[in-house]
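**Q** Quick mapping for you: the protein sequence lines, in order, are chains A and B. Just so we're aligned, residue 37 is where the first sequence starts under the numbering used here, counting upward by one. Just so we're aligned, residue 40 is where the second sequence starts under the numbering used here, counting upward by one.
Simulated from the structure, these hints should not be mistaken for laboratory data. Here the structure is a predicted model, which is why all the values come from computation and not from measurement. Just so it is clear, CB atoms sit at the ideal spot from N, CA and C, and this is done for glycine as well. It is possible that part of the hints are untrue.
Chain A side only, calculated, beta carbon under 7 Å to chain B, not exhaustive [to be verified]:
hint, residue
1, 69
2, 71
3, 183
4, 203
5, 207
6, 208
7, 214
8, 216
9, 218
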Amino acid sequence: MEFKDYYKVMGVARDATEAQIKQAYRKLARKYHPDVSKEKDAEARFKDVGEAYEVLKSPEKRAAYDQLGKGHSAGQDFRPPPDWDAGFEFSGAGGRDAAFSDFFESLFGAQRRQGAGGNRGAFRPGRGEDHHAKVLLDLEATLHGGARQLTLRVPEIDSDGRLATRERTLNVQVPKGILPGQHIRLAGQGARPPADGAPDSGAPGSGAAGDLFIEVEFQPHPLYKIVGRDLYLDLPVAPWEAALGASVKTPTPGGTVDLKIPAGAHAGSKLRLKGRGIPSSPPGDLYVILQIALPPANDDNAKAAYAAMAAALPFSPRANLGV
Amino acid sequence: MPTMQDQTLSGAIFEESALLTVKDLSRMCAVDERHIVEFVEEGVLNVVEVDTAEWHFSGSALRRARLALRLERDLELNLAGVALALELMEELQHLRRELQARR
Chain A
37 MEFKDYYKVM
47 GVARDATEAQ
57 IKQAYRKLAR
67 KYHPDVSKEK
77 DAEARFKDVG
87 EAYEVLKSPE
97 KRAAYDQLGK
107 GHSAGQDFRP
117 PPDWDAGFEF
127 SGAGGRDAAF
137 SDFFESLFGA
147 QRRQGAGGNR
157 GAFRPGRGED
167 HHAKVLLDLE
177 ATLHGGARQL
187 TLRVPEIDSD
197 GRLATRERTL
207 NVQVPKGILP
217 GQHIRLAGQG
227 ARPPADGAPD
237 SGAPGSGAAG
247 DLFIEVEFQP
257 HPLYKIVGRD
267 LYLDLPVAPW
277 EAALGASVKT
287 PTPGGTVDLK
297 IPAGAHAGSK
307 LRLKGRGIPS
317 SPPGDLYVIL
327 QIALPPANDD
337 NAKAAYAAMA
347 AALPFSPRAN
357 LGV
Chain B
40 MPTMQDQTLS
50 GAIFEESALL
60 TVKDLSRMCA
70 VDERHIVEFV
80 EEGVLNVVEV
90 DTAEWHFSGS
100 ALRRARLALR
110 LERDLELNLA
120 GVALALELME
130 ELQHLRRELQ
140 ARR
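Isolated chain B, as found in the complex:
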């Protein structure tokens, strides 16, 4: 890994370009592929409909998967608990935005 960078690095907005496979997510989150499959089965992650046999995810699945993994590991939640926590956190975020917009 380079230590100092003098040149400017460019990168794309990940969420806009990426369509991710189970393999991609598994690598980016450093977990087993089975774990990603379990996330889908429990409804933690949503598969984007694509015209192939393989599952695909939108780029925003990365943030969600990493959040789910943190909750699982740090709070010792099971999958159903993670799914519930994510739903409630999403609702909370939605309500906070509404509140901000109205204030």
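Next up, chain A with everything else stripped away, as it sits in the complex:
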């Protein structure tokens, strides 16, 4: 296990005041919060910052950590000495849903769990907690519906009272037409009901299990851009197809169709195929954006054709620029 330098993570000095630590946390949290951040590694960074703050904001944990940290530096191999936390009193914090690092859990995991349990189970006694997860699906899953194997990471308390992450694999029938940001609700797939008697006995109680809510997002698709319930497709057409109008083959989620290009279409023209987006209720639309593709002038025939066009058409593409 690697030793973690929480002061370095937070970018504060070892003698930083509580106010400085709080200020540093707020700044970093705003920067890396996965709901607001555009940084690539936001989620991992935010977790590190949250973990560091969890320790440094609590005078007891910070004192214990400082005691331990003497002679250790970040990344160094580390094993906590037995009874390292003797003499420190911990108050439970609770309220987070993800596991912190092994380093954190080996130090503070067991203490924290003791205080955290009671608070969360209190909302409906006898019923298990609801669980939440987020998955990235292929667009085809919502276009056609179908079963997908999902791997979820479930935070769980192990026999030592530490919070650890376990992988859980589920086969889930994805409802056709589900939109990004919506949830699949799987009844009874959340936490087991709390035990009837002693809260830590581990035996499931008689109440109902909680539900599992899976929030859906989609991977980028090679053809279609996903904008809410609508899909956007860039469709290349030849200059004469755009100028004269044509019927061209176009891919759509429901299969290839013949699309009528109106005469006089130009690059960027937007054609709407109503109801051919994501099959939600109401269904989204498919927007086809035309792109003009120029044939290469790479042989005498092609060059002659371009030259003939130049001779035949009194056309100045720069007329509007005053030149």
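Please arrange chain B on chain A, whose structure you already have, making use of the hints.
**A** Same frame as chain A, but now just chain B:
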């Protein structure tokens, strides 16, 4: 909780079926009912008009409430700050979509 699933599980699209009460949201978000009421009072959550005395929310309130709770807890925002952040995030999402659609 079952560990491995061989059979395929089916679930509905939550947002399309659900009409939620304060109690439902409180359980799904694992917070006190008073907290949900405060969200309504601050305009973080909108009540759907229904012909009963009890408040009801659309299914999309779940995502919003959970987002609000994360912002509150992780960024140490107060309710007014959460409400403002949500409004700005919504506007940002709207503008990003416009931009994507135009690009």
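**Q** All hints, please: hold or fail.
**A** Each hint tested on the structure:
The interface hint given for residue 69 of chain A is met, as the beta carbon of that residue sits about 6 Å from the closest beta carbon of chain B, less than 7 Å. Because the smallest distance between the Cβ of residue 71 of chain A and any Cβ of chain B comes to about 6 Å, under 7 Å, the interface hint for this residue holds. Hint on residue 183 of chain A holds. Least Cβ distance to chain B is approximately 5 Å, under the 7 Å limit. Look at residue 203 of chain A: its Cβ only gets to about 10 Å from chain B, farther than 7 Å, so that hint breaks.
Interface restraint check: residue 207 of chain A against chain B, minimum CB-CB distance 4 Å, threshold 7 Å, status holds. Below 7 Å, beta-carbon pairs count as interface contacts, and residue 208 of chain A has one with chain B at about 5 Å; its hint therefore holds. At about 5 Å, the closest approach between the beta carbon of residue 214 of chain A and any beta carbon in chain B falls short of 7 Å, and the interface hint on this residue holds. Among the interface hints, the one on residue 216 of chain A is violated; its C-beta lies about 11 Å from the nearest C-beta in chain B, farther than the 7 Å criterion.
Proximity of residue 218 of chain A to chain B holds as hinted, the smallest CB-CB distance being about 5 Å (cut-off 7 Å).
Consistency note: the structure conflicts with the earlier hints numbered 4 and 8.
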